[in-house]
Amino acid sequence: MYLSKIASYLDADLFGADLEIVSMNELSLACATQLTFAVHKKYSKELSSSRAKAFLITQDLVEFLPLDASYIICSDVSISMAKATKLFAPKLIDFELPHAKIGDGSYIDAMARVENGAIIGSGVTVMAGAYIGSCSVVGDNTIIYPNVTLYRDCVVGSDCIIHSGTVIGADGFGFSHTKTGEHIKIYQNGNVIIEDDVEIGANCAIDRAVFNSTRIKKGTKLDNFIHIAHNCEIGEYCIFVAQTGVGGSTKLGRNCVVSGQSAFSDHLEIAPFSTFTARSGVTKSIKQSGGIYSGFPLMDHKEWRRLQGKIAKLNS
Amino acid sequence: MYLSKIASYLDADLFGADLEIVSMNELSLACATQLTFAVHKKYSKELSSSRAKAFLITQDLVEFLPLDASYIICSDVSISMAKATKLFAPKLIDFELPHAKIGDGSYIDAMARVENGAIIGSGVTVMAGAYIGSCSVVGDNTIIYPNVTLYRDCVVGSDCIIHSGTVIGADGFGFSHTKTGEHIKIYQNGNVIIEDDVEIGANCAIDRAVFNSTRIKKGTKLDNFIHIAHNCEIGEYCIFVAQTGVGGSTKLGRNCVVSGQSAFSDHLEIAPFSTFTARSGVTKSIKQSGGIYSGFPLMDHKEWRRLQGKIAKLNS
Amino acid sequence: MYLSKIASYLDADLFGADLEIVSMNELSLACATQLTFAVHKKYSKELSSSRAKAFLITQDLVEFLPLDASYIICSDVSISMAKATKLFAPKLIDFELPHAKIGDGSYIDAMARVENGAIIGSGVTVMAGAYIGSCSVVGDNTIIYPNVTLYRDCVVGSDCIIHSGTVIGADGFGFSHTKTGEHIKIYQNGNVIIEDDVEIGANCAIDRAVFNSTRIKKGTKLDNFIHIAHNCEIGEYCIFVAQTGVGGSTKLGRNCVVSGQSAFSDHLEIAPFSTFTARSGVTKSIKQSGGIYSGFPLMDHKEWRRLQGKIAKLNS
Numbered sequence: 380m381y382l383s384k385i386a387s388y389l390d391a392d393l394f395g396a397d398l399e400i401v402s403m404n405e406l407s408l409a410c411a412t413q414l415t416f417a418v419h420k421k422y423s424k425e426l427s428s429s430r431a432k433a434f435l436i437t438q439d440l441v442e443f444l445p446l447d448a449s450y451i452i453c454s455d456v457s458i459s460m461a462k463a464t465k466l467f468a469p470k471l472i473d474f475e476l477p478h479a480k481i482g483d484g485s486y487i488d489a490m491a492r493v494e495n496g497a498i499i500g501s502g503v504t505v506m507a508g509a510y511i512g513s514c515s516v517v518g519d520n521t522i523i524y525p526n527v528t529l530y531r532d533c534v535v536g537s538d539c540i541i542h543s544g545t546v547i548g549a550d551g552f553g554f555s556h557t558k559t560g561e562h563i564k565i566y567q568n569g570n571v572i573i574e575d576d577v578e579i580g581a582n583c584a585i586d587r588a589v590f591n592s593t594r595i596k597k598g599t600k601l602d603n604f605i606h607i608a609h610n611c612e613i614g615e616y617c618i619f620v621a622q623t624g625v626g627g628s629t630k631l632g633r634n635c636v637v638s639g640q641s642a643f644s645d646h647l648e649i650a651p652f653s654t655f656t657a658r659s660g661v662t663k664s665i666k667q668s669g670g671i672y673s674g675f676p677l678m679d680h681k682e683w684r685r686l687q688g689k690i691a692k693l694n695s
Numbered sequence: 380m381y382l383s384k385i386a387s388y389l390d391a392d393l394f395g396a397d398l399e400i401v402s403m404n405e406l407s408l409a410c411a412t413q414l415t416f417a418v419h420k421k422y423s424k425e426l427s428s429s430r431a432k433a434f435l436i437t438q439d440l441v442e443f444l445p446l447d448a449s450y451i452i453c454s455d456v457s458i459s460m461a462k463a464t465k466l467f468a469p470k471l472i473d474f475e476l477p478h479a480k481i482g483d484g485s486y487i488d489a490m491a492r493v494e495n496g497a498i499i500g501s502g503v504t505v506m507a508g509a510y511i512g513s514c515s516v517v518g519d520n521t522i523i524y525p526n527v528t529l530y531r532d533c534v535v536g537s538d539c540i541i542h543s544g545t546v547i548g549a550d551g552f553g554f555s556h557t558k559t560g561e562h563i564k565i566y567q568n569g570n571v572i573i574e575d576d577v578e579i580g581a582n583c584a585i586d587r588a589v590f591n592s593t594r595i596k597k598g599t600k601l602d603n604f605i606h607i608a609h610n611c612e613i614g615e616y617c618i619f620v621a622q623t624g625v626g627g628s629t630k631l632g633r634n635c636v637v638s639g640q641s642a643f644s645d646h647l648e649i650a651p652f653s654t655f656t657a658r659s660g661v662t663k664s665i666k667q668s669g670g671i672y673s674g675f676p677l678m679d680h681k682e683w684r685r686l687q688g689k690i691a692k693l694n695s
Numbered sequence: 380m381y382l383s384k385i386a387s388y389l390d391a392d393l394f395g396a397d398l399e400i401v402s403m404n405e406l407s408l409a410c411a412t413q414l415t416f417a418v419h420k421k422y423s424k425e426l427s428s429s430r431a432k433a434f435l436i437t438q439d440l441v442e443f444l445p446l447d448a449s450y451i452i453c454s455d456v457s458i459s460m461a462k463a464t465k466l467f468a469p470k471l472i473d474f475e476l477p478h479a480k481i482g483d484g485s486y487i488d489a490m491a492r493v494e495n496g497a498i499i500g501s502g503v504t505v506m507a508g509a510y511i512g513s514c515s516v517v518g519d520n521t522i523i524y525p526n527v528t529l530y531r532d533c534v535v536g537s538d539c540i541i542h543s544g545t546v547i548g549a550d551g552f553g554f555s556h557t558k559t560g561e562h563i564k565i566y567q568n569g570n571v572i573i574e575d576d577v578e579i580g581a582n583c584a585i586d587r588a589v590f591n592s593t594r595i596k597k598g599t600k601l602d603n604f605i606h607i608a609h610n611c612e613i614g615e616y617c618i619f620v621a622q623t624g625v626g627g628s629t630k631l632g633r634n635c636v637v638s639g640q641s642a643f644s645d646h647l648e649i650a651p652f653s654t655f656t657a658r659s660g661v662t663k664s665i666k667q668s669g670g671i672y673s674g675f676p677l678m679d680h681k682e683w684r685r686l687q688g689k690i691a692k693l694n695s
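Chains as they are written, first to last, in the working numbering: chain A, 380 to 695; chain B, 380 to 695; chain C, 380 to 695.
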């Protein structure tokens, strides 16, 4: 899509060359064929060193752009960015794609839907009521239980087990907010990648990324009702007990253990081999690996136990 | 249905005219063709001023009834009310209704079920595995993702997005309890109304009202795993982050922001523009708009932060 | 399956007679045709009195076995047990079974899947998108709403109502852990039994037992988003409000009331008629019936209320 069309859609002016744009991405990751954006002066350094050539930007940030940049001047970059994502949203279902490819020895129930463009490995089981979206990929020997939904463009590795009711690739929860309190959808044009040997329990929800991928790495096991927000990265061999949630863009290292009803804020980085006892509420990144944590606000598990004793004494 | 039939079903005596009854409703809302009920003397004033003409009632409350009232004397009104709701429960699926009406340019997947009597607007997408119940309505341009369930008689507005696994219109959680500890189902004969431009994430559950409607107003956005109980009213442009729950009949004003894992008790009224940080537990109504709250028990956010500091010091 | 085959699969040595084994079970429950296991010396007494004849065991526990026992020596019993469970996992779908039996007056939607070997009572409604697994049983007059999933070998009683999105019989969350941090699946070869007159709300998950049964007893009512882990036993006439979870093998007595967002650790025993207010976190068994509890850590409800007052005063 040409920048001129995007500018026209946003009812805004384009400056510089009318480049062809393939997709959108955040500033730190955008490449030369992607449209990016900056919403605040704090990104001025990132702007000048960006590999991107096309920007949504406010007038006051133009001076920080690379010399050869094309840019669309927006009065509210956040809103314009949200509106622009709609232009890059793929079709819900793409009937023009070739029929799905199904590997040897796979069983696709007649009551399952596998959309065009999907690729199913060998030895896969897709049970009744399951949905595999356009261009999604399911690796060898994976089991997709009844009534699982895999949105388009998502990837599930080999030897995975996805239990019923689980939804992989629904839109991340992203909106820009107008001054009058309305919420403008940021289309979530990324995907979800589930690596090999992952088991996901019943009625989980793993949201697709706004750009790029939400990723669950090899060997991780999720219990029921796990919420993984957009752009998270869950390391290898993690364990998530039921009813836990992870906020957007948070990254956990390998072999973390997260007990029931715990939750993580967005944009955190959690060191590998961290353990969280039940109902931990994690709001800050953790740099040192191997710790055991509890409580909300979060603290060292031993400290939390000691504190509970102190609190109980208030009643005596 | 005639009162005499209801009395007979309840094995109770009817006094007054044998009126034809269309439905049931709570005392404050019931009109002349609805059966209502009073379970306690505290409703004596409401009884005498009620527009209703038909009552389930205990002997001791008869004196407060309007003069022309018809009434059925019950030894346990709560139990009789529950039993009576069963008589008004519509069929699960109504095959005798005319075929669903589908608007221009709508796509209904061959693996979706749209029951008779449903009305689908134009430009709607109903994907595989989705279920649209009898007499339900879906507005223009709305997207119903795979494996969504919309129970009968419910309404989804225009330009809505309903993500996979979400259930709209399942029965509210309502029972009357016998003295020996059994639970008698109160049939939930109301519905759900989702207004325009609402987005609902994956695996949410919005329960139908016992009488009347559960309502989610225009422009509100729900993340994944949101529980909205029967008879709630969620105002315009609210934001609900994942894994939050709202108890029955609670009403939130417009532009409330509810962070992850928060919850509200039933029968609350929450002022508009209220913000609740993660894991807020709201058990009292909030009258002043624009506040920021935290904790369980709930308090002002700044107070909560200060309190956490004080609590942490107990350990030193 | 013969022990020799199991030993070979585990690449381990068999001692004693090559018995034919029907299934696996835990030490305290295993009978003569079941393979069992002991992972620790603390089970030495149970070992010597076990009715089982076939064991996975470490060398140092051999001395405690019954004299006529057959046993397979494992270096890591926990891992070998997990691997062995795979040998006993039934087929996901068993096409060789006879067609499902459907009772008189039952309605099975053409878009529902009822696998071979299932038995559906009379007057049952199975709506579009519902899935009834191989050999599962659904009792008379039960309603299975759209997009419910009932895994194979599970039982739902008579007069039950199962709301949309609920998953009954997905695998319990059980793994053995290698020294290098991988998780080896313990196949969950048990089932779920839902007794009569149970109502289960939308998007619940009741996991199948690892061995034997997860059980929900007569007349219990679950709201939405209830997580019941493997091998739980929920007593008669319990009430679970939304977003609560129960850890593995925990047993609740009859008429317990569990308010929203509460949770129970695994392996607890909870006395009948216990009440838990919202967000209770239960980590210890409760022996005395009729108590009311709150908080996490859990305490008597009145004590908790008093404590909240004391905590609030810290800020003054």
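Hints may contain errors.
Because identical chains cannot be distinguished in the list, a pair is counted as satisfied if it fits within a single copy or across any two copies.
As the list claims (entries may be wrong) - Derived BS3-like pairs (lysine-lysine); straight-line CA-CA distance at most 30 Å:
#, residue 1, residue 2
1, K465, K420
2, K420, K692
3, K558, K597
4, K420, K470
5, K597, K692
6, K666, K681
7, K692, K465
8, K681, K663
9, K692, K421
10, K558, K681
11, K424, K666
12, K558, K692
13, K663, K689
14, K597, K465
15, K630, K564
16, K384, K480
Read the hints as simulated data drawn from the structure, not as lab findings. Since the model is a prediction, treat every value here as computed from it, not as a measurement.
Verification of the supplied hints:
| no. | hint | result |
| --- | --- | --- |
| 1 | K465 with K420 | within (25 Å within a copy, 57 Å between copies) |
| 2 | K420 with K692 | neither (50 Å within a copy, 38 Å between copies) |
| 3 | K558 with K597 | between (43 Å within a copy, 17 Å between copies) |
| 4 | K420 with K470 | neither (35 Å within a copy, 60 Å between copies) |
| 5 | K597 with K692 | neither (45 Å within a copy, 41 Å between copies) |
| 6 | K666 with K681 | both (18 Å within a copy, 27 Å between copies) |
| 7 | K692 with K465 | neither (56 Å within a copy, 50 Å between copies) |
| 8 | K681 with K663 | both (18 Å within a copy, 18 Å between copies) |
| 9 | K692 with K421 | neither (47 Å within a copy, 36 Å between copies) |
| 10 | K558 with K681 | between (46 Å within a copy, 25 Å between copies) |
| 11 | K424 with K666 | within (26 Å within a copy, 45 Å between copies) |
| 12 | K558 with K692 | neither (48 Å within a copy, 39 Å between copies) |
| 13 | K663 with K689 | both (24 Å within a copy, 19 Å between copies) |
| 14 | K597 with K465 | between (32 Å within a copy, 20 Å between copies) |
| 15 | K630 with K564 | both (24 Å within a copy, 25 Å between copies) |
| 16 | K384 with K480 | neither (35 Å within a copy, 37 Å between copies) |
Hints 2, 4, 5, 7, 9, 12 and 16 from the list above are not met by this structure, while the remaining hints are.
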